[in-house]
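Protein chains in written order, with numbering that gives the first Met the number 0: chain A, 0 to 154; chain B, 0 to 154.
Read the hints as simulated data drawn from the structure, not as lab findings.
For glycine and all other residues, C-beta sits at the position ideal for the given N, C-alpha and C.
One thing to keep in mind: the hints can contain errors.
Claimed, not checked - Chain B is faced by these chain A residues, among others (derived, beta-carbon under 7 Å):
1) Met0
2) Cys31
3) Ser54
Claimed, not checked - Pairs of lysine to aspartate or glutamate, DMTMM-like flavour, derived with a Cα cap of 20 Å:
4) Lys2(A) to Glu70(B)
5) Lys2(B) to Glu123(B)
6) Lys78(A) to Glu64(B)
7) Lys78(A) to Glu3(B)
8) Lys47(B) to Glu85(B)
9) Lys78(A) to Glu34(B)
10) Lys2(B) to Glu116(B)
The residues making up each chain are set out below.
There are 2 protein chains.
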Amino acid sequence: MGKEIERKFLVSGPAWREAVSEQHEIRQGYLCNDERANLRVRIVDGEKAYLTIKSGRGLTREEWEYAIPLEDAGELMEKCAGRLIEKTRHLIRRHDLTFEVDVFAGANEGLVIAEVELTHDRQEFERPSWLGEEVTGDGRYTNASLSQHPFRDWT
Amino acid sequence: MGKEIERKFLVSGPAWREAVSEQHEIRQGYLCNDERANLRVRIVDGEKAYLTIKSGRGLTREEWEYAIPLEDAGELMEKCAGRLIEKTRHLIRRHDLTFEVDVFAGANEGLVIAEVELTHDRQEFERPSWLGEEVTGDGRYTNASLSQHPFRDWT
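Bound conformation, chain A alone (with noise of 0.2 Å):
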């Protein structure tokens, strides 16, 4: 098990696209979704492909993942009709921190969303001036929430 401590912020303006060290394309679909846990399947780049169990809420959650076969992605993808989340995700590196910035396509497009992995849940961070309002804990703003009411649906 890994434990996820994760804060999430909405972005400012486009100043992080300077930083960007690294890109990937993200697939992913969500196969089941109930109160206690969702299971994600993803493939990046076309390339590689994980199963990933998530339990918990908010800042720290519980997560398992697995390499599976590119091949039993695709399968499992189309089991995820309407759940699905297209986004480019970059990759900017600030002292010993990683912030993923994700820019969302599909029926997400328009939303930008930062997120930061830290190692305890008091630990303090320089913010890039790019971070906006955070928004961890915001249930809307789960992959797995935008993957059944997307962005554009909001009102």
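Dock chain B against the given chain A, drawing on the hints supplied.
Relative to chain A, chain B alone:
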């Protein structure tokens, strides 16, 4: 992906016990379960662990299965409190087929179900005398359902 074509029956009497060639202790739980798919974690004989995704209902279901570390399975099983199944699985080989007779324990004690996996959905087979009423397609008898609505609570 595996395609699982499986028929399921109640069992009448103890005559099947004479034909058992192998048996295994199974503990399993459901991490998530919704209308599309369910995610099962299973530990066999306290030694081997698997993660299984099942999709579909009734006679023919799709299935993806991955071996996972026993330690992970123990952690995942803790997330399944209130959605657990304990049973002893008995294998009975007859001609080219294997019948699995599951004797349930815990909240499903008293329930005995025989399953047989077929290679196509209209396959004929000789029924052992101890095979009772067919319950294929009766959703109450799926293990996912039994984990949440156990046999002892049926009225």
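Requested in this report: Could you tell me which of the hints above the structure violates, numbers in ascending order?
Outcome: none
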